[in-house]
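Residue numbers (numbering that gives the first Met the number 0), protein chains in the order written: chain D, 0 to 365; chain G, 0 to 365.
Hints were generated in silico from the structure; no laboratory data involved.
Computed from a predicted structure; not experimentally measured.
Treat each hint with caution, since some may be false.
[Claimed, not checked] Okay, derived cross-link-like pairs now, PhoX-like style, lysine-lysine, Cα gap no bigger than 25 Å in a straight line:
1) K354/G to K318/D
2) K184/G to K214/G
3) K354/G to K180/G
4) K28/D to K214/D
5) K317/D to K312/G
6) K350/D to K351/G
7) K317/G to K312/D
8) K259/G to K28/G
9) K350/D to K318/G
10) K351/G to K317/D
11) K317/G to K364/D
12) K317/G to K318/D
13) K259/G to K317/D
14) K350/G to K351/D
15) K312/G to K28/G
16) K350/G to K180/G
17) K28/G to K73/G
18) K359/D to K214/G
19) K317/D to K354/G
20) K184/D to K317/D
21) K350/G to K317/D
22) K359/D to K317/G
There are 2 protein chains.
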Amino acid sequence: MLFAVIMAGGRGERLWPLSREETPKQFLKLLGEHTLLQQTVERIAPLVSNEDTYVVVGREHVGIVREQLPDLPKKNVIIEPMGRGTAPCIGLAATRLARIDPQGVMIVLPADHAIVDEEHFLRVLNDAASVAEEGTHLVTLGITPNRPATGYGYIQAFSPLKAGDLGTDCEVLSVERFAEKPDLKTAERFLQEGGYYWNSGMFVWRVDAILREMKEHMPQLHDALRDIEEHAGAPDYEQNLERTYAGQEANSIDYGVLEKSEHVLVIPTGDIGWSDVGDWSALSEVLETDDVGNLIRASHIGVDTSNCTILSKHTSEKKRLVATLGISDVVIIDTDDILLVMDKSRAQEVKKILKIHATKQESEKA
Amino acid sequence: MLFAVIMAGGRGERLWPLSREETPKQFLKLLGEHTLLQQTVERIAPLVSNEDTYVVVGREHVGIVREQLPDLPKKNVIIEPMGRGTAPCIGLAATRLARIDPQGVMIVLPADHAIVDEEHFLRVLNDAASVAEEGTHLVTLGITPNRPATGYGYIQAFSPLKAGDLGTDCEVLSVERFAEKPDLKTAERFLQEGGYYWNSGMFVWRVDAILREMKEHMPQLHDALRDIEEHAGAPDYEQNLERTYAGQEANSIDYGVLEKSEHVLVIPTGDIGWSDVGDWSALSEVLETDDVGNLIRASHIGVDTSNCTILSKHTSEKKRLVATLGISDVVIIDTDDILLVMDKSRAQEVKKILKIHATKQESEKA
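Just chain D, same shape as in the assembly (with noise of 0.2 Å):
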């Protein structure tokens, strides 16, 4: 069996003003039509049903979740009591799934991701799943990088195995290190050495497979997830999910296992136009831009403007207008109660403010 596991428990917090605690990016009409969450769904639909699709996410969005996702089975939603981060997240899908087929393939995918060639997305899916059906590895995929980006941690990818081993003829590469978020003078090398790739987040792995890895690597979890899954069914369910998760240390699938187990192969996406869209300045990278290099998504008049996002977005039906002069590499975001405008370059720091913001709110509260 192929099942999908999407992953939409993330905070978006570079996204704000749009994304809010209430409703993250991922519930967000981003990039088009649908929300990013429903976008990564329909995305793989022609790879794997609504029925073998399972999202997990945290209690407070279970609504949006079903709103968003109608066709969606009700128990394919998984519920985190609290975010631990992507090892304990991947676990309790894992979990679930073994009980319907321990040897299926799962494919885990962010919800908040932007693909923009999806053919070619679905290829490398299927190869990435011949390669993970035969049980011993965990598959990554892994962006080529075509700019020395500092946003995101790079996989350095080994000389090749023998893809007819694999049961594929794509390209498979085995791992040599994980680097974490580098500078650009890092950022820049990699790119200049070859063979560092993007490490997208999106895996593929036998359900057995992964368990197997973290009974070895995270021991702990594994037992706390055999736990819950004990108590699947009992009436005290939900109070013993709670507290064991609660007990977990935050952390992630590549940290926790990825960094450490010998059975980790890359395969190179090539050129998908994939994007984290982790914050303002990464939406102009997968949406097409004017040829000044404006993303306006606004009613919007400008004279001598280039290279910004405008966004405006009111739950009122008045029309707004933004006006732009001279102004170059300028995030504006503009909703109802909040207006950001900010440095592009400074797209990363959005969480400062969020933090000044927090404060000012409870310090009113008091």
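Given the coordinates of chain D, assemble chain G onto it according to the supplied hints.
The following block gives chain G in isolation, referenced to the frame of chain D:
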């Protein structure tokens, strides 16, 4: 007698989008709790009572003037059927005042200027009135420039007269020439050479003196004003006023009279903190900024934000937050229906946006 004539006909286009056709700048609370018009009247109140203060305004704004100046006698609102520049405006007022006291002194003030040192300003007006009282001279107030501004016209002043002859001991200069808004290089030269003053558009003269000079230098306008005055009280007064006014070429008192007359004097005001609040960059010159040069009139969170002017004005009670990150010398004017973001050095060019906006609205109507 001492009269004040306040010209309230400006359009304040460069302060768009706060200043609009319906409510131009002089009717806005740009600098405090009261509107610029109210501040202009209050400022001279120690010298000129409401009874002797006249406001010249276009028909469409008579209602606002009466509302903002409830203590002004109704008859003191002089209505212009249309804007034709300051020459007809001042002429119309002078003709009206001549009914009361042709030898009275009239202080002419724009309704939309800022003056920080009001006491000093009143002393200057007093001096100017003393000089004007004698009946020969037209007195203009010249602002001592503190920077090479390119947004103001300049007056080059000549060797001082013998002040005693003019009935005052203040500094009184004769005019060498009027210079139009200079480029930066020229403005810098003006400051270096000395003897140049900003043309403030504030004048003091006797009613009969300005009418006499108009008769000499703008005889067509003078005839028209006489014709208008002859219809005073007649049933076709309004109709005649409109027709006669429509027939006038638009002209400023500077071009029409002051540049030609041989009786113009300049009284340097010294540093009274004057500004015509001509555009959004001017605002931070007359209002106090924070220690990194920001002028903020908004609920604001800023990270690395300096020399910005940020103004948020909404009719709704709902609190709106403006957040800024990594920007300098940017003007943000956030209103109900229009948001303007621009480089501060481009503040003079707001009209470009307005023009495009008007064209757009026209084409939408069509």
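Verification of the hints:
no.	hint	result
1	K354/G to K318/D	holds, 19 Å
2	K184/G to K214/G	violated, 38 Å
3	K354/G to K180/G	holds, 22 Å
4	K28/D to K214/D	violated, 38 Å
5	K317/D to K312/G	holds, 16 Å
6	K350/D to K351/G	violated, 35 Å
7	K317/G to K312/D	holds, 16 Å
8	K259/G to K28/G	violated, 37 Å
9	K350/D to K318/G	holds, 21 Å
10	K351/G to K317/D	holds, 24 Å
11	K317/G to K364/D	holds, 17 Å
12	K317/G to K318/D	holds, 18 Å
13	K259/G to K317/D	violated, 52 Å
14	K350/G to K351/D	violated, 35 Å
15	K312/G to K28/G	holds, 11 Å
16	K350/G to K180/G	holds, 17 Å
17	K28/G to K73/G	holds, 23 Å
18	K359/D to K214/G	violated, 65 Å
19	K317/D to K354/G	holds, 22 Å
20	K184/D to K317/D	violated, 47 Å
21	K350/G to K317/D	holds, 24 Å
22	K359/D to K317/G	holds, 17 Å
Violated hints, listed in ascending order, are 2, 4, 6, 8, 13, 14, 18, 20; each of the other numbered hints is respected by the structure.
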